[in-house]
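S.K.: Work out the full structure, taking the sequences as your base and the hints as a guide.
Protein chains in written order, with the working numbering: chain A, 172 to 679; chain B, 160 to 278; chain C, 516 to 792.
I should point out that these hints are in silico values taken from the structure, not numbers from a laboratory.
One or more of the hints may lead you astray.
Said to hold, decoys possible - With a straight-line cut-off of 30 Å between C-alpha atoms, the simulated DSS-like cross-links for lysine-lysine are:
{"#": "1", "chain 1": "B", "residue 1": "K188", "chain 2": "A", "residue 2": "K338"}
{"#": "2", "chain 1": "A", "residue 1": "K338", "chain 2": "C", "residue 2": "K701"}
{"#": "3", "chain 1": "B", "residue 1": "K270", "chain 2": "A", "residue 2": "K478"}
{"#": "4", "chain 1": "A", "residue 1": "K550", "chain 2": "A", "residue 2": "K644"}
{"#": "5", "chain 1": "A", "residue 1": "K388", "chain 2": "A", "residue 2": "K507"}
{"#": "6", "chain 1": "A", "residue 1": "K338", "chain 2": "B", "residue 2": "K183"}
{"#": "7", "chain 1": "B", "residue 1": "K270", "chain 2": "A", "residue 2": "K338"}
{"#": "8", "chain 1": "A", "residue 1": "K666", "chain 2": "A", "residue 2": "K507"}
Being a predicted model, the structure only gives us computed values, none of them experimental.
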Amino acid sequence: MIKHVPVLLVAIPLLAAFMIPMIGMVNRTARTVVGVIALVMILAASYYIAGDILVHGRILYYMVGSSNPEMLTEHGLTFPIRIGLKIDPFSLFFIIMTTTLVLIFYVFSTQYIEENERKNYFTVLFITMVAGMMGLLVANDLFTFFVFLEILSISSAALVAFRTERKHPPYAGYKYMFVSAVATSFFLLGVAFLYAQYGSFNIDYLKEAIRGTLLDKIAIVLLIIPLAMKSGVVPMHMWIPDTYSEAPAPISAMVKLGSLICLYGLFRISFSFGMSHAHVSYPLGVLFIVFGILSMFVGVTQALVQKDVKRLMAFHAVSQVGYMLLGMGVGLTVVKSGDASFALFGKVAMIGGLLHVVNNALYKGLLFLTSGVMVRHFKTRNLDAMHGLAHYDVFTTVVFMIAALAISGIPPFNGFVSKIIIYESVFQYNPVLTLIAIFVSILTLASFMKVFYSAFLGMPSSRRPMEQPVLVKCSMFVLAVFIVVIGIYPQGILKAIIEPAVNALINF
Amino acid sequence: MSAIVLYVTFILLLTIGIIALLFKRNLIKIVLAFNILDSGINLFFIALGYRENAMAPIFTPAPLDSVITMVLPTPQALILTNIVIGFATTALMLGVSVLTYRNNNTLDTRKLRGVEEYD
Amino acid sequence: MRLLSVVAIVILFGFLFVGILHLHPVGEALGNSEVLQGRPELGIDINGVSTMDDYFLRNGQIETKSNNIVASVVFDYRGFDTLGEATVLFIVVSSISMLFFTFLKSKSIVSAGVPPAGQFPKIESRVITFGSFIMYIMILSFGVYLVVHGHISPGGGFQGGSVMASATALLLISFLITRHMQRTRKIFSFFESLGLTIFIGLGFAGITISFLYNFLAHTSTGFGRIIAFGPNQGYLISAGILPLLSLAVGIEVFFGLSLIVVTLFHVSGVKDTNSLR
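M.R.: Below, the structure written as structure tokens:
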């Protein structure tokens, strides 16, 4: 059964999503349970294959619809004719992260979103969003990648506009859909340029065939810019604040996870097509570093002046993407340079960048969930109107402190580990970049001090204390535990998952 | 070589779409602009698989010659997918703009800009 | 800002212009253009096949037993994309239902131009109702024809399904199904899910070999009927699971698009929006 796992990761959520409208007509509890079952199944599947891939170094290939799905080409051909799926350590790292986090967010949303018939559609769109993410992560075919990118963005856009009775969410959904539609159109244009030359969509085949001509460079730019746009890199970040602040809290976390998965696509495509020639990989790496520095700086300076708690967190999301791009960009600039600099610091920078991806997903998800709890308690998003939550909600205060200290890079938590790895390795490439990164980190701490001071400290508000539902508390607690565990014992995840992932990306 | 007009039309459609996307302020017009852009890309993809004096890749109506020339089938299949996706995007964007109008009484992006209220 | 936009457009224009100058000329697509006929042996022939499309043109008919190569690409070779595409449609139908939820639940809904139950609509006349009923049957049967013959002639699930959904729009504008809106929506939603479940169920049916494996095409009777290479009149029962997938997609598209049309028609009749907030 292990050979079918790549397709099952996509097909199980899709099957659940297709059946939910029929089940929801009969029983609402059954509908929620079906969603949980589907998510638990893909979680189990991803852990089931983890040992085989990480320890034995096996790479799972799957040709959908072929009579021998593990064989890349049929009938003695030199090129694949069917849609290829592939799981290597790099995608497995993202798959494990995604399946774990979506289950937590789903559990959070079961009690956070009020129960009515509309929640049927919420559940459907949530599960299709997961299917879109899994499709992006397993796809080894550019057009399939495009289709699942659309699935992810259309379901996210609808969920962003979930609270239609309020004034702004529909427009936020429109904005997100507009940005996604334009981005994916240009992505398709890039796919067309590659197809015109090589007659194939398979990423592995194109990687071998690509020659680094002018058309290839145009195609690579057309593939990379849309993905950078979807992951919220600075010159293209205009959709982020509205989208994250208007969506319900679990959906903000999910959209954030979706943008990290677009970042996966960015890395996968740039390392596949850029690695073959040094005159492609070096400018790409420099582009990543420039994007990264811009994102870090613009994101955090915008966040400092916000008074809306969710907008503030949205701008921090922009700023955090910069760290990952910085780490991966430094790796990409030196990977083909030929001297010892890659072994010296390039690989370490990439490890730091990837570790920051999972850390960021954890604490950013937790921050969005706590912001949902805060907004629900105070009935407003304005920080000036919030005060004194710490007096009666100790649990939320503690998890918020954990997340805020983690995002600012304070030692016992996971943000510190990845940031210090990035600082040290980037320092050997260029000390100025490290200085900027440390400065941004300090500003992040300042901005979260502001949130903590105004929302949690101060006089207790006159509102009646509200007890959080048990599943809401549970999901936040699990995220906090992950943050602390990775912060105290990072060697485990570094050795087990991230090093094989980086090796797979380089030797891919 | 007169078929180069297909590529030129593609570029024109794409440029018109982008200009309208950037300069139009009405939400409905932006949706239309996106549709123009999308059809430009569809045209480009189909043109990539075009062969002169070839027929559609369907054997039922094919002539009984010894050699038949056919256009490439994959772009056609993919464009079918992209048309459906474009339709879905359009439907969702129009639906959301209906709601935007009901909540804000305007479709003008200049008036919609800025989410200042913290509700 | 305006200047920046102009510069961006000019750069993009130049970018694409340089791109198409380096592309192959229109009409000279990759690969060998000729499909040779009169091959006596019925096996996969990869001599002179240099690209994916060449392979489809020369061997698609023998391998998938479908005359329509586009259909075999859509449903067989790239069936996974088609699953994704059907999912996109499903998502947008669910989104529209979710977004207009408050509109559909509101008690104060008066559909556009429709009088309360028990009264004759003002526009209703024998010509309109009878005429649209006749047209409804004709459009529907044309759509069914397109769906069922998708593997033989141009057409298929998506095209036929959207033709059928246009018949629903005809019923709406001739006021035949404006009442019982909730029940109509429930039935449509049920059948839409059913169509998709059939599609993915057919995918799972071949999971012993691989997902979406065309297991019926590898028998030699029934849906696996052997078809000679080259032009032929085509058989309705052929091409393995392609007609079944096409039918499933047809059901999904028909009911999904009808649901969108019905919902948006319903919403357009809601006059009093302030009561919905």
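S.K.: Does each hint hold? Answer for all of them.
M.R.: Consistency of the hints with the structure:
For the hint pairing K188 (chain B) with K338 (chain A), the CA-to-CA distance comes to about 21 Å; that is within 30 Å, so the pair holds. The hinted pair formed by K338 (chain A) and K701 (chain C) meets the criterion: a straight-line CA distance of about 29 Å does not exceed 30 Å. Restraint check for K270 (chain B) and K478 (chain A): the C-alpha separation of about 21 Å stays at or below 30 Å, so the hint holds. This hinted pair checks out: K550 (chain A) and K644 (chain A) have alpha carbons roughly 19 Å apart, not beyond 30 Å.
Restraint check for K388 (chain A) and K507 (chain A): satisfied, since their Cα atoms lie roughly 17 Å apart, inside the 30 Å limit. A distance of roughly 23 Å separates the Cα atoms of K338 (chain A) and K183 (chain B); the hinted pair therefore holds under the 30 Å criterion. Among the hinted pairs, K270 (chain B) with K338 (chain A) is consistent with the structure: their alpha-carbon atoms are about 13 Å apart, no more than 30 Å. Restraint check: the Cα-Cα separation between K666 (chain A) and K507 (chain A) comes to about 24 Å, which is no more than 30 Å; the hinted pair holds.
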